[in-house]
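Student: These protein sequence lines are chains L and V, in that order. Here this note's numbering is used: position 318 in the first sequence is 1061, and no number is missing along the way. Here this note's numbering is used: position 309 in the second sequence is 312, and no number is missing along the way.
Since the hints were made in silico from the structure, they are not lab data. Glycine residues also receive a C-beta, built at the ideal position from the N, C-alpha and C atoms. It is possible that part of the hints are untrue.
Unchecked claim - Partial chain L-side listing against chain V, Cβ under 10 Å, derived:
(1) Ser-851
(2) Asp-876
(3) Trp-969
(4) Thr-998
Unchecked claim - Pulled a few chain V residues facing chain L out of the computed Cβ check, cut under 7 Å:
(5) Ser-61
(6) Leu-65
(7) Ser-168
(8) Gly-173
(9) Glu-174
(10) Thr-266
(11) Ser-268
(12) Gln-391
Below are the chains, spelled out letter by letter.
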Amino acid sequence: MVNDGSSGSAGAANGSKNTGDEYNGNRSKLNRRRFIQAAGVGAAATGFAGCLGGGPGESSEGIPSEVTLGVLAPAPENNPIGAAIANSAELAAEKLNNSSDLLGDADSVSVSIKNTQESPSTGRQRYRELTLDEGANMTTGVFTSEVLLQLMDPISQQQTVHMTSGAASPKASNQVNEEYDKYKYHFRAGPINGYHLGQNMVDFLEAKGNDLGWESVALLVENYEWTNPVQQAIDDHIGDLDVDVVMEERYASGTSNFGPIYDSVEESGADAAFVAMAHTGTPAVVQWARDQRPFEFGGIHVLTQLPAYYSQTGGACRFTVSQNTATPQSELTDKTLQYAQDYNSAYGGFPVYTGYITHDAIMQWATVATERGTVNADEVVSGLEESSYTGTAGSLDYYGKDHEYAHDIKYNFRTDSPPETGVNPVFQQWQESDGSGTQEVLHPEYVSSADYQAPPWV
Amino acid sequence: MTDNDTSRLRLLLGRLNPLGLPLRQKIGVFGLAFLIAMPLLVSLPVVGRFVVMILPASSWELGLYNLAAALFFGMFAMSWDAVSGYTGEISFGHGLFFAVGGYTSAMLNMGHGLSPWVSVLGGVLLAAVAGVMIGVPALRIEGPYLSLVTLVAPLILLQVFIYMSDIFGGEQGLGNPENLVGLGFVSNYFLALGLFLAVFVLLWALTRSNTGSILTAIREDENAVSAAGLSTAKFKIFAFVLSGAIGGLAGAAYVHTPVGSPTPSELMSVIINVEVIIAAVLGGMGTIVGAALGGLFVAMLPDYLNLVEFTVPVIGKSISEMSFFLFAIVTLFLLNIFPGGVLRWGIALGRRATGRDGGGKEGMAADGGQSPEDAGTNPVAQTMERYQEYYDNMFGGDDK
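Using the sequences and the accompanying hints, generate a full structural model.
Tutor: Okay, here's the thing in structure tokens:
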């Protein structure tokens, strides 16, 4: 058989625990390959008239003895976001291997991790290696929206369940809604999609506006694709609040000098800068703290979500507020702190948000596959649609196929209801205690660990 | 049929007979036959195993996809070579043409519901127009100044894409347009191979015609061409339009396959622009054959490195993690030892081995008849000389 010899080595090359024999429990897959080969040659002979699907139409029934989880992460060796995805997948596989309840019929659960390099073409290629060469039973990960959107077609081609755990673009779920039968294999286990991220910022202002004392804000949004739905949602909903938006600026991608922008914020008299920043976040925070600008700072700041960010910026992120999925200080469910501690003892540091979500995605998939007694993609898709699983970040429920955000994780609109009724991001503030920084939780009420502290210079 | 006709026919048949070809062309024909037979070979019981081993992937399905992607990159490199390799006007932003072709075709297909076969033609047309837009300034500005224009043009386009992201999708690019021949591994491979061969034959024939000689002459001495009463402007614009149209064709077809998509990082990033130049120079600038081979090599080397599971002891990183770094090192090394390109070196080596290095008359040399050893006349050296002249003038050197 053509693939036998080489697939084992590819698995080993990429950190897969199982070497060789990964198809043992999956005979029908081999037959499918032989069929496609024959069909492929036939198509070649007839002047490439044929259109080969390549999807695992008759994928295996039951739980195979070897279960492979495919993981796509950006630079898992040195990017903390990618590392959290990869490490959490390893941690989840270890849990599954030790569990007699979940995937009990499988002898071993292995993880194969591939680096997307945040490039759509590399991501597509690695995804195909995972599904075609290594026979992954499900895939998870993917941080960059650009990569995710270019994976939607390969996912529909391979018909393997994919649970996104980093990218937030609602375009993916729009595709599921528009062409359900084709794209139904995609689920977003988190974070809540870009539009809901923006809505959640407004909901936070509504809930905590009095404590913060922000009567007017300057909206600063970096000009990248991911902020489009976020800004749209803020524009749609912030008018319902008693908060004045005195300035709204979508500043250029790659901005590194925030002096002129902050001058305008000062002139506008805003109480706070309400931000959506990922790529440009560090100079923004450092210049704000260094120049002691007379306004407060909060919103979505992806980099301040990193547990090591306080030491990385020399404490410049102190007093900044940011949305986050979970922190090592937030007991969202009874699984949150346990997971964070397990992660810390295994890898010597705390995970970022993609870690919590990847862990939840794999555990939910395993739970559904166990309930259904199969890893068959169509069965698992309908299982996930009906599933409500309480993970480390809250309750994972998905919008139905007729919803515009089909198969996206449900956002819990009631800001202070407990996490069992849907996912509700937390808002953290970097505060200092004993000379080191901690991500204290301000909101929601049921996990809040500290009161808001305004910067002393404001 | 007269004797004359018969002898002509015999001559033609003799030329087409692969056994009568020079060695390097025999190798080329064999390589082509291998590429065409590839999908058949992988299904054979024993041979197939060996074929999969030399493919840049761990299974034949992915191997064919990766090869298809490499063939598209080969077309990108050939389109660059057609203008920069021959006229010596270095384009640092050929991704502009790939992007105009790819985005136009994707938008016509997704936004206006045109069949991808029709929309690809639209992409080619608009890329040719882009060729005029870059070619016309090339009449007034030359050398490093033109290179700057070509460098900046795709950056401007990218900013337009980001600024008008509701239309162009910003840095995420557009979604997935319809595929030309579905998702099949074999069908897409043959689509890429067919286009690659068509582009190759067109450019090969054209650059060996009188037009090709004039373009080469422009690189060697533009004043001499003008003095001969030929309009260099006309030929330069022609080269840009041709190159743009072919780059646009490759870009447009690429986005309608499962291996490509209309995103800035795949069609017009700085890395793509640089890799295209590396591919053509490495293979052999101003030869088309060299650009085609260089394109395949540059596209597939990272795939091969990705398969290596060796871990470097001291730094504890695996080869596959460092694939881009190693790619750059290997390229730098090859460029240093083969400044005229690997193809020229290979031909010279072959000639020495077969004892023909003095003959020079058998068949046409792939580089248009120049001696491969003479560094002073190789295209890279000629282009460097041109640029040197501009720099000298720029900093107040003597006006020669």
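Student: May I ask which of the numbered hints given earlier this structure violates, with the numbers listed in increasing order?
Tutor: Per hint list: 1, 4, 12 violated.
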